[in-house]
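Visitor: Since each chain sits alone in its own frame, please combine them into the complex, following the hints.
Chains as they are written, first to last, in the numbering used here: chain D, 1 to 270; chain W, 1 to 347.
No lab work stands behind these hints: they were computed from the structure.
Treat the hints with care, as some may be off.
Said to hold, decoys possible - Derived BS3-like pairs (lysine-lysine); straight-line CA-CA distance at most 27 Å: (1) D:K71 to W:K252; (2) D:K70 to W:K224; (3) W:K252 to D:K68; (4) W:K154 to D:K71; (5) D:K71 to W:K153; (6) W:K252 to D:K70; (7) W:K16 to D:K119; (8) D:K20 to D:K211; (9) W:K16 to W:K224; (10) D:K206 to D:K20.
Said to hold, decoys possible - Pairwise CB distance ranges (calculated): (11) D:S104 to W:L98: 28 to 36 Å; (12) D:S104 to W:I325: 47 to 55 Å; (13) D:L27 to W:S25: 56 to 64 Å; (14) D:K71 to W:A3: 32 to 40 Å; (15) D:S104 to W:L120: 49 to 57 Å; (16) W:A3 to D:N135: 23 to 31 Å; (17) W:L183 to D:E136: 49 to 57 Å; (18) D:S104 to W:A24: 25 to 33 Å; (19) D:K64 to W:L98: 42 to 50 Å; (20) D:M184 to W:L216: 47 to 55 Å; (21) D:R108 to W:S22: 16 to 24 Å; (22) W:R4 to D:G29: 25 to 33 Å.
As the list claims (entries may be wrong) - Chain D stretches covered by chain W per the calculated footprint, using a threshold of three residues with CB under 8 Å from any CB of chain W: (23) 73-82; (24) 87-93; (25) 114-127.
Glycine residues also receive a C-beta, built at the ideal position from the N, C-alpha and C atoms.
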Amino acid sequence: MRVQVEGLEFAYNGSSPVLKDIGMEALPGEVTALLGPNASGKSTLLKCIAGILRPRGNVLLEGKELSKFKKGETTACVSYLPQENSSRAILTVFEAVLLGRLESLSWRVNREDLDLSLKALEDLRIEALAPRFLNELSGGQKQMVSIAQALVRQPRVLLLDEPVSGLDLQHELEALDLIREITMQRGITTVIALHDLNLAARYADKVVVLKNGTVYASGRPEMVLSPRAIRDVYGVDCTVRSEGGTLQIIPLPSIRIKSRDASLRCIMPD
Amino acid sequence: MVARAEELYSRIASRKYVPLFSLASALVLLFLLDISVGPAWLSPAEIISAIVSPSSVDAATQVIMWNLRLPVALMAVVVGASLAIAGAQMQTILDNPLASPYTLGISAAAGFGAALALVLGVGILPYGGQFIVPINAFLFAMLTCLLIYSIAKKTGLSSEVMVLTGIAVLFLFHSALALLQYLASDQQLQAVVFWLFGSLLKTTWPKLGIAGAILLATLPVLAKDAWKLTALRLGDEKARSLGINVEGLRLKVLIWVSVLSGAAVCFVGTIGFVGLVGPHIARILVGEDQRFFLPASALAGALLLSAASAVSKLVIPGAILPIGIVTSLIGVPFFVSLILRKKRAYW
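So here's chain W without its partners, still in its complex pose (with noise of 0.2 Å):
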């Protein structure tokens, strides 16, 4: 009996690992080729030599892979890893495939907050500094956390709530975004629209420390609850009789992933596409065991940034077009050609 419920667990198990290495394996390809493209080419050998021992190459190699090219890169992955597990979360505990740190208002607050500070040169906190931007977005997400919580508390944090409340937030702040770029100079305004479009091009090794820095404090705290975020999935009733408080690891997990995502969008910027769509195609391949769906999830959000941020230097040589552009033009079509070719329904 012991021999045969193992090897059957085994070959469902199997089934995921293979498109979790496939998954990684694409990621590390096109790590490298965004490391490698852009207006200057570096060969392979190129980049070997200037992570491994970057004085065996010039100076303007050295300071295009690590000013330039790395952070940047690096960048793509965290936020793209961060996005869509946030994504995949509040997907998770509002049992709503349409939730994301975008559609539920988080990342539109995020941009409110950077328009305060290019537009009127408010800063939530004093003596923000280069700082001001990110600070302002950063602190707006966490507000609107704090919103949808309390409205949603009131009525027992039913997920519904949870959903309408964070579209109700993300119509206000489109609206007060929209009052901003009304009163702003034609120079703020490019300034907040190009915010908007999300770039990782102001990505420096501080910033890229501070988004990874959470995201690796996230991952425990979410895989520690990895059984029980996935008994989420059976409905609120069962959770509960399996012994789990629902409301409680709602709550949780509802502040985790806004700081995650928060940490996201306050420094590249409004990158809706990848937190809605990465948990998708992490589902499509390994399921909602969360083993398997968190680290999918993350690998699939990183491999579409990395792959966003490539294309992004590729399709007008010489020019880098914002990425936040480029992600959806390539992750609809690969998303759809998922869809198409698994036959199960996948929500």
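Excised from the complex, chain D in its bound form (with noise of 0.2 Å):
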């Protein structure tokens, strides 16, 4: 499902605005991640495409503006995992994912949700964490809960909000192994909101570098991606090298100067 957003703004509560004339498109079968220093509106646009904020311009889903969908139609095609994961709810893993299926849940639990849910849980490789509680998990094996939770919905466009902080490096790789593996398999329009560049260089097939809530460039990492435009956006000299195929980001050393009226960072040659 084709996911294009045109004109995109929007604003919270009357204050400024977070998003400006947001332009972008993303492709079945191929993983997007958002990047952009804090604040720069990755987390907003994210909600405004799941549908769950109410922007002005047009988000449309394989053409069809966002919000002609019917009730529920969005949430049986897409699925939009928070950044959020403080949840004190006194639920098991398999319970709490099991809630992903929301829509077809009724009193008596059927057989296709609780394997749908099992499966979410063995591809994760955190099947063994299903009679435990939430609340004795780790932040890293909560957040993988909440990855299973997105992926039990099949959706058909997959929104995720930086889906591997708190993850130890297996797990991250793995977990985003798995994401781009199911995107690839399923054909899923995936988005995702990302701080750690050499992952997105890795990972995704195209990137959209946000800036104080406008789209600074998009393109495949490696057009995207080069020290002036990294500088531009996070205030950060680095080289960008290519090995096998993969974009390394490598943020140079530098130190930082400050005097009484200005403060200046210079950068410690090799």
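Guide: Pasting the structure below:
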């Protein structure tokens, strides 16, 4: 399901706009990474695409305006994983993942929902956690459960806000490998907000870089993630290398010199 | 895979049936104890005869059973279940372990409404007759719900604002109540204080019928939204991402539980403890899947109040203590023992 965003603007309760004239596209079978510094509007854009926030401008799913989707239609095809993960619910992991199937759950749980819930846990290799309570898990384990909740819905559009924050290196790579694999196999349109540029370069087919609520650049990672763009957006100097077809972004060591009136960052030579 | 998933889920669900069955069994036993104890003790045989075939027992036993014991014992079950369900849903929709009809000011507002009728004889509706006190209490409980909702709506119905508004309303009505008590005569003051203690003794079949009907009407409404309410505990953001209209659900449940708690409190007075602790006992025993949590809360609340009702008749032979006093006295040790026995965090 192709996702298009055209002329999108959004402001929270009369404050200054968080997103201004956003235009982007995400295609089925591809991972699109949303990049940008803190407060650049990544999470807000994901919520607008998920239909949780009502922005001005257009969000189109397969050419149809999101606002014209009937109640329940959006949730049936779009799965959004929010950044917030502070639930204190007294639920087992299995019950929590089952809740991802909310649309089809009735008082008596059907076999298909149970089957899909276990499959989602197995795909992420966390089925051993199934009988444990959510509030007994570490932050990283909770994050894996949240990813399972998003995947169990079998969405056509998968929106993930910082899905690997709090995960150790192994689980971080496993989770993103799985997300990429599922995206390609099932033809899902996946949009991920990420902070780690190296992960974005490794897993995304396309990156959209936001700066101050506008799109700074978008395209294939090797076209967009240049030292100049990273300095412009993040204010960090770095080198960008390509090794084995994958970009590696390495920040340059620097020292900050402060005087009374100004602050100057100097790059240390190798 | 299917068989394994089903087996896994059955194992998780079966851990909840045992506490539910235990609560239900204990409630039946305590209900029987409640109707057998009092100034005149009734044997199990007399109880069964009086209920199944009233004409087979003497007139005094008939009156004791049908006019005094049964309505009071059933009211304990209905009010206990109503307050615990109301507390459970308030804690759920407001994401706050301290939320209950008492802490949100609904009981205090009902108390003020009752005191208004008892001290000044002022009824909100004309021709209230013998129902002037409960009608006042109920309407003030509803007004409080409306006030909390109106203020919170201005800030997007956030749970924090609703809880803070509720606590502010609690203090407001406590002050207003204190003023009424200050103005009241000795006799009126006694009536107000007795009402505030909470008592089941003025239960009649019509009052029981109203409270019971409201409880029965509320249960299917909440049961229909059981999964959505369970999902709400994952956080507002996640609930929204699952397609839940969080604000709409919060408002709907707030209205229903306000009616439920208003109906319970208006007939028996302020019983604070059950609505707060009943849900926590249920949470410890069965978790927060609402399909289990809802009945477990109802059973835990009914159990607490039935136990309190029985104990209130046993403490001083020949006298009946106000149930509001006894509830906390027997509920706190039970609750603390549960917390100490279970090692997990429960909020």
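Visitor: Does each hint fit the structure? Answer for all of them.
Guide: Hints versus structure:
no.: 1; hint: D:K71 to W:K252; verdict: 18 Å, holds
no.: 2; hint: D:K70 to W:K224; verdict: 21 Å, holds
no.: 3; hint: W:K252 to D:K68; verdict: 26 Å, holds
no.: 4; hint: W:K154 to D:K71; verdict: 25 Å, holds
no.: 5; hint: D:K71 to W:K153; verdict: 23 Å, holds
no.: 6; hint: W:K252 to D:K70; verdict: 22 Å, holds
no.: 7; hint: W:K16 to D:K119; verdict: 24 Å, holds
no.: 8; hint: D:K20 to D:K211; verdict: 10 Å, holds
no.: 9; hint: W:K16 to W:K224; verdict: 20 Å, holds
no.: 10; hint: D:K206 to D:K20; verdict: 21 Å, holds
no.: 11; hint: D:S104 to W:L98: 28 to 36 Å; verdict: 35 Å, holds
no.: 12; hint: D:S104 to W:I325: 47 to 55 Å; verdict: 49 Å, holds
no.: 13; hint: D:L27 to W:S25: 56 to 64 Å; verdict: 60 Å, holds
no.: 14; hint: D:K71 to W:A3: 32 to 40 Å; verdict: 35 Å, holds
no.: 15; hint: D:S104 to W:L120: 49 to 57 Å; verdict: 56 Å, holds
no.: 16; hint: W:A3 to D:N135: 23 to 31 Å; verdict: 29 Å, holds
no.: 17; hint: W:L183 to D:E136: 49 to 57 Å; verdict: 54 Å, holds
no.: 18; hint: D:S104 to W:A24: 25 to 33 Å; verdict: 30 Å, holds
no.: 19; hint: D:K64 to W:L98: 42 to 50 Å; verdict: 45 Å, holds
no.: 20; hint: D:M184 to W:L216: 47 to 55 Å; verdict: 53 Å, holds
no.: 21; hint: D:R108 to W:S22: 16 to 24 Å; verdict: 23 Å, holds
no.: 22; hint: W:R4 to D:G29: 25 to 33 Å; verdict: 31 Å, holds
no.: 23; hint: 73-82; verdict: holds (count 6)
no.: 24; hint: 87-93; verdict: holds (count 6)
no.: 25; hint: 114-127; verdict: holds (count 5)
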